[in-house]
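J.: Listed in order, the protein sequences are those of chains A and B.
For what it's worth, the working numbering labels the leading residue of the first sequence as 1, then goes sequentially.
For what it's worth, the working numbering labels the leading residue of the second sequence as 1, then goes sequentially.
Think of the hints as simulated: they come from the structure by calculation, not from any bench.
Backbone N, C-alpha and C fix where the C-beta goes; we use that ideal spot for every residue, glycine too.
One or more of the hints may lead you astray.
No farther apart than 27 Å at their CA atoms in a straight line, the calculated lysine-lysine pairs in the DSS-like style are these [stated by the list, open to error]:
#1 B/196 with B/278
#2 B/47 with A/184
#3 A/184 with B/51
Anything over 10 Å on all C-beta distances counts as not near chain B; from chain A, calculated [as the list claims (entries may be wrong)]:
#4 216
#5 280
#6 316
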Amino acid sequence: MPTADKATKKGQSLSNSSILPPLDPQGKLQLYRQMLLIRRFEEKAAQAFQQAKIKGFCHLYIGQEAVAVGTISTLTAEDAVITAYRDHGHALARGMDANSCMAELFGKITGCSRGKGGSMHFFSAEKHFYGGHGIVGGQSALGIGLAFGQKYLNTGRVTICYLGDGAINQGAFHESLNIAALWKLPIIYVIENNGYAMGTSVARSSAGDPLVKRADGYDMAGLIADGMDIDDVRAKTAEAVNLARTESLPTLMEIRTYRYRGHSMSDPGNYRTREEIEKYKKFDPILLYRTRLLDDKVTTDDALEAIDKEVTAEAQAAYDFADKSEDPAFETVYEDIFAPEDQIDEIPRRNLPL
Amino acid sequence: MQVITYREALNQALSEEMERDERVFLCGEEVAEYDGAYKVSQGLLKKFGPKRVIDTPISETGFTGLGIGAAMYGLRPVVEFMTWSFSLVCYDQIINNAAQVRYMSGGQFSVPIVFRGSSGGGLQVGATHSHTPENWYANVPALTVITPAFPDDAKGLLKSAIRSNNPVCFIENEKLYGYKDEVPEGEHLIPIGKGKIRRAGNDVTIISNSGSTHRALAAAKLLAEDNIDAEVIDLRTIKPLDFDLIAESVVKTNRVVIVEENKPYAGWGAQVTYEIQKLLFDHLDAPVNRITSLDVPQPYNGKLEQSVLPNEERIIAGVRETLA
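Using the sequences provided together with the hints, build the complete structure.
T.: The following block contains the structure:
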């Protein structure tokens, strides 16, 4: 079982000092705000799920906020982000609107995928957010495609592809790592190691500790970061992003984190103890950062409370927006299947007789 | 007009489209330095360089996913499967990613990609290498499935497929790579979703595709000696289906035999049969007959394999049964 302590000790750096420019107080508060927005959004989503306003699967990100916010804060707005099905946190960290995210959970036409994707399939072309993917590990192969496109078109951009610790045992992951290293693609794979592949602990599902060792076989840089400490996440990610951007080389990161909630909302949680969860809450990434901001006199208690009020209101507004939005009309079921043609005549398609 | 092989026609299509659009690239196993396992990509590495003609590791999931991601990013990949039988290894990428991303993203991302490679039986390569997968992919909404039978269609349809903004499964036939025929030079586009009457006739409509079109034409020739005048439709595109062309012919002949290399259960002919009985019931003078591969895995032995395929003998018997 990885712990936050162990993660810090095992953390290895490509260089000794951080290449990130220091954040001004405003920037620090922005990180805090984003993490707290994700937390409040997810709490609201859990409530809506219990009210049966959200159906299907709903995988919450609570506890892992520093990973999405920390990593994405090192990117430019044009870099590409792709993740798995636990995607709400990454979407919000990428700057997607809380309203459209919540509306997607509610299955409404105002949702970020017009109510056709659901919790696991958030997308935003505008924010360079390439999903939201439901099959464990499948997005790792799409990730090399994004990075390949970035390199092919000489964009100077990079891709972060997230996956859980359970996904590293999928063939798609290994095939993608091999190609990323072989073709020198500007991609950062982030294993969000939250200790559990659904209900199976890392110890019972993955040989080899730390997981980042899997980079070695592909001659790829590997980094470990403490996912409860956003500053550590940022420092390590910045090194990987720099390597991708300046030398077009991939990195595998293992970020040690913990999710407080079940795998999904329907998780009985009998594979771990309440004590374990309580223990991790002491390393809570938001609490930790809050304490640091106060200790460093970056801000005041009142200012942080005001942020909490703001994001709580934002989550509530998202809930209200989603609740009031319309279901998609039936006609939309036949929309968004085919892109319009512009280089050949439109292909004659018809609805099959039923 | 030039007379070239099916293989050369495909090669011309690739070369012309790569010349036309720098976003088009080709990747797959042995496509570059080896010049293609079936030599479809011969000379392309020399012409376009390693940035655009790319040998991949033997990782169908990896390079197929890469193609899909690159397509989402705005490139126009052509992903070669050495044979479509190997596409089973990356079925998830094709079905769950290429075919669903546009819908799941509410229309935000499109996937302009061509998956192509050889397929079909008859070359004694055994059960794992002889699949005829058009029905597997035609079952998936959002996928376009093309199966050319002649060099001119191979060229014209591949060029259209590369220009399409949607994912296309372009399923070639291993036995046809050496088949020679006339092909127009230069710009030559065949519309996707349109079938073609390869032999006109009045007594019975034979509907076929790919290698089965050649078997159907051979059978029609023999039937003609017996004064049975068969019309042979080559569907060319399996999905979307050119039902108008089928209907026109069925209204004329009132009898239908479908010839397909798919195994019988839910082969593409089952869908065509359903639509004919649903929409043209009053025009039928006999039940629709289907000549498919037998419902067995592909055997290695040559004689056995020929008996499993929809061979001329079975087609002729099927036509006679329909006319009886």
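J.: Indicate, hint by hint, whether the structure satisfies it.
T.: Verification of the hints:
Our distance criterion of 27 Å between C-alpha atoms is met by residue 196 of chain B and residue 278 of chain B, whose separation comes to about 22 Å. Of the supplied pair hints, the one linking residue 47 of chain B and residue 184 of chain A holds, its CA atoms being roughly 23 Å apart against a limit of 27 Å. Using a Cα cut-off of 27 Å, the hinted pair residue 184 of chain A and residue 51 of chain B holds, with the two alpha carbons roughly 13 Å apart. Distance check for residue 216 of chain A against chain B: the nearest CB is about 18 Å away, which clears 10 Å, and the non-interface claim stands.
No Cβ of chain B approaches the Cβ of residue 280 of chain A within 10 Å, the least distance being about 33 Å, so the stated non-interface status holds. Listed as outside the interface, residue 316 of chain A is consistent with that label: its C-beta sits roughly 25 Å from the nearest C-beta of chain B, beyond the 10 Å cut-off.
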